[in-house]
Amino acid sequence: MSFDNAYEAVSEANDEARWAFGTGFEDPLSGVDTSLPSGVDGDDLAAYCLMLGDDALIMSHRLQQWCTRAPELEDEVALANIGLDLLGQARLLLTRAAKAEGSGRSEDSLASFRDEHEFRNVRLAELSTHDTADFAGVIAQLLVFSTWRLALLQRLTDSRDPVLAAIAAKGVKEVTYHRDYAAQWTVRLGDGTDYSHQRMQSALDDLWPYVGELFESHSVVERLPDIAVEPSELRVEFDDVLTQVCSAATLTVPDAPARAGVSGRTGRDGVHTEAMGYLLSEMQSVARAHPEATW
Amino acid sequence: MSEMQPEMEPVKHEWPLYEVFVRSKRGLNHVHVGSLHAADDEMAIRHARDLYTRRNEGVSIWVVKAADITASSPDEKDPFFAPSADKVYRHPTFYDIPDNVPHM
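Chains A and B, in that order, are what the protein sequence lines are. Here the first sequence stands for residues 1 to 295, numbered as in my numbering. Here the second sequence stands for residues 1001 to 1104, numbered as in my numbering.
Honestly, the hints are just simulated from the structure, not real lab data. Be a bit skeptical, because a hint or two may be false.
[To be verified] For each label pair, taking beta carbons as the anchor points, the in silico distance ranges come out as:
hint, chain 1, residue 1, chain 2, residue 2, range
1, A, Ala293, B, Trp1015, 40 to 50 Å
2, B, Ala1067, A, Arg69, 28 to 38 Å
3, B, Ala1082, A, Ala293, 54 to 64 Å
4, A, Asp255, B, Trp1015, 43 to 53 Å
[To be verified] Calculated cross-link-like contacts (lysine to any residue; reagent style SDA-like; alpha-carbon spacing at most 20 Å):
hint, chain 1, residue 1, chain 2, residue 2
5, A, Lys170, B, Val1059
6, A, Lys99, A, Ser38
7, A, Lys173, A, Ser202
8, A, Lys173, B, Arg1054
9, A, Lys170, B, Arg1049
10, A, Lys170, B, Lys1065
11, B, Lys1025, B, Ser1060
12, A, Lys173, B, Lys1065
13, A, Lys173, B, Ser1060
14, B, Lys1025, A, Gly24
15, A, Lys173, B, Arg1055
16, A, Lys170, B, Thr1053
17, A, Lys173, A, Ala80
18, A, Lys173, B, Asn1056
19, B, Lys1025, A, Thr23
20, A, Lys173, B, Arg1049
21, A, Lys173, A, Gly24
22, B, Lys1065, B, Ala1085
23, A, Lys173, B, Lys1025
24, A, Lys173, A, Leu234
25, A, Lys173, B, Val1059
[Claimed, not checked] Derived coverage of chain A by chain B (criterion: at least 3 residues anywhere in the stretch with Cβ under 8 Å from a Cβ of chain B; other residues may be distant):
hint, stretch
26, 23–37
27, 48–60
28, 77–84
Note that beta-carbon positions come from the ideal geometry of N, C-alpha and C, so glycine has one too.
Please build the complete structure, drawing on both the sequences and the hints.
Printed below as a string of structure tokens:
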């Protein structure tokens, strides 16, 4: 049996006989007006959706790379779950970007057939921790990423674009759990043994140069005043949460200067770290080897 | 490691086992769904959420350390349960149950 919309198959709340597991799923965009809001430049809206979508897509891939590498089976499933949540957000955002730019591209072609300089994610999302199996590293990355993204999505629920607002409302519930998961582990490792404390602190120190970029404004954001969220507004909440978590974890909030981009250009402008090329070559390999494949 | 200091606690290589009970959206009671490993109760609740409620199954989770459960022994099966098998009169089958009383 095939369905055009996956939710139709499992959204009947009382159809208990057919499914062994839960039913009553909800389509996050059900009832939302998906036409473009008036007076908005489609290219700008598409660029903004790409930024937030690429953040989720690339971070999701980094979490998926932890499959078979996490210290415990339970945490492996937890990281994969979080990765899948972010992949879901990425799909909605890339779909929105494709519609706004009106070029006939799809979420799939945006994810699999863009090159490195066309990706708009912050560099924090692409940092690699799985190859050295540095669990403190992925926890630090997830703590910073989800604290920042939660603050962003909470404000995005007031966006004038009803689709972005709906995607944000769905994401807030998910990312609240991601932040909670990362904070719990940060406290366990930071306030654990001398060795785990040292590993957690150096993980935070290592990624801190990429934190400043999260709060830099961008010309695209400035052109979408009541649609996009101004990143600099998120810094106070971010600092408060990090201070609270680090204090409970007996860690020090790092104070390292931001890693400069190339001529002032960073991830949001398509300028990435060396790790990004390797990430994309793996993430896009199947789609590029079989460009017409469907499944 | 034989040179371990006597006051150091030995490193535990495995987290304790927990049993997980989930109350589903359509069910009435918490039902045993499986087990998992976690370092403590808080972590067990989170692991249970990640492992056993991913397909929209649950609205409430209980976890309990497997070591804290006292179970009946299979050896006592007959003295425990066999005597109830031939006493149908213990069921209140002669009462009419109103239609609007559910779950009897």
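Which earlier hints turn out false for this structure, listed by number in ascending order?
Numbers 4, 7, 10, 12, 22 and 27, in rising order.
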